[in-house]
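S.K.: In case you want the letters, here they are:
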Amino acid sequence: MLNEKLKSTNPYEEFIYKQCQKMFQESKMILVCQKLPIGPGLQRKIRNNFLREGLDLQFFSNLLMRRACHDNQYVNMMPWFVGQNLYVTGKEPNIVAATKVLRKTPQLILLGGLVEDCLLTQDGVMNIAKLPPIENLLGEFVIILNLAAWKTLSLLGSHQHTLAVNLDQYIRQCQEEAAGKKTEDQA
Amino acid sequence: MSLKIKQAIGTLLQTFHLRAIKNFKFSFDPYGNNTRSVRDMVFHMHSPRILQTNQNCSMKVNVMSDKSEPRIDITFVDGHKVLFKTENLTTLDILQRLKTFNAEKDPKKDENAAEAVAATKKGKIARKK
Chain A
1 MLNEKLKSTN
11 PYEEFIYKQC
21 QKMFQESKMI
31 LVCQKLPIGP
41 GLQRKIRNNF
51 LREGLDLQFF
61 SNLLMRRACH
71 DNQYVNMMPW
81 FVGQNLYVTG
91 KEPNIVAATK
101 VLRKTPQLIL
111 LGGLVEDCLL
121 TQDGVMNIAK
131 LPPIENLLGE
141 FVIILNLAAW
151 KTLSLLGSHQ
161 HTLAVNLDQY
171 IRQCQEEAAG
181 KKTEDQA
Chain B
1 MSLKIKQAIG
11 TLLQTFHLRA
21 IKNFKFSFDP
31 YGNNTRSVRD
41 MVFHMHSPRI
51 LQTNQNCSMK
61 VNVMSDKSEP
71 RIDITFVDGH
81 KVLFKTENLT
91 TLDILQRLKT
101 FNAEKDPKKD
111 ENAAEAVAAT
121 KKGKIARKK
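Taken in order, these protein sequences are the chains called A and B. Sequential numbering from 1 applies to the first sequence in the UniProt record's numbering. Sequential numbering from 1 applies to the second sequence in the UniProt record's numbering.
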């Protein structure tokens with residue numbers, strides 16, 4: 001008990017740790033980036049670029065991140081918390097906007113990310129960014145589901161359809177022959 | 001990392017230069033083991049002071065996702081190639097080894113030696129006076 005009291009907790013560190021936990025609770029997307037040496041001015045500019053897209057660029061020390069992850073479902077993120085990191089976070093998983101800003105920012109190297117409770121590598125994040133919008137994919141899915149029913153309908157009606165086409169052609173031929181006879185009689 | 005190791009890395013980086021190096025290629029899987037040294041090297045080699053020593057030195061960082069070993073491929077100006085497999089190396093080890101390579105292959109090492117001799121001669125003349 002005395003030892004626990006002697007381990008004095010730094011209130012500022014506890015505050016930052018709570019911010020770190022809040023990031024994990026509120027963000028549906030956390031992309032981990034390797035940071036290259038940049039000054040505070042340039043880091044602020046890069047952060048502004050992310051804020052314009054509805055994202056944020058945050059920094060937490062590796063110690064706090066490991067402490068926040070070691071005993072919950074994010075334990076598999078531990079290998080990333082080594083070296084100099086910055087975290088791109090968003091309340092919505094807007095990967096397209098994040099990759100758009102990251103492409104213009106050579107000072108940040110994307111390593112991977114946690115998107116809607118799925119761990120992704122750099123390739124995974126880039127592949128998801130290249131996918132078309134979800135509305136297009138839903139439309140294609142509906143077409144595929146309706147394809148079987150449309151095919152049976154067309155097969156059932158194929159005989160009637162060919163009969164109708166043949167009758168139309170026959171009527172046109174008869175009309176053309178009748179018109180041809182009239183012009184011969186007049187001549 | 002202990003304070004002494006950090007200080008040793010700091011003193012090495014103060015005099016580190018890229019004059020002898022043509023290009024760097026860093027490859028690592030961030031999800032793999034022991035990527036600390038290669039990631040630290042990526043950070044240190046991109047510092048503005050070190051980049052200014054050789055504007056023609058190109059750096060490429062490949063982030064893999066195939067559990068491959070972390071490595072640094074270096075091509076020197078004289079065509080010599082060196083591969084560092086950094087899984088069991090520390091940042092200090094890599095920097096010390098690179099420094100010895102730089103000292104051997106520095107294109108300006110003769111000029112630096114002449115400048116050092118001139119500086120010592122000036123110092124001796126000033127002391128005599």
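It should be emphasised that the hints constitute simulated quantities derived from the structure, not laboratory data. Please read all numbers here as calculations on a predicted model, not as lab measurements. Any given hint might turn out to be false.
Stated by the list, open to error - With a Cα cut of at most 25 Å, we get these calculated BS3-like pairs of lysine-lysine:
id, chain 1, residue 1, chain 2, residue 2
1, B, 81, A, 104
2, B, 67, A, 130
3, A, 100, B, 60
4, A, 45, B, 67
5, A, 130, B, 81
6, B, 4, B, 25
S.K.: Would you pick out the hints that fail for this structure and give their numbers low to high?
M.R.: Checked against the structure, the hints that fail are numbers 1, 4, 5, 6, while the rest are satisfied.
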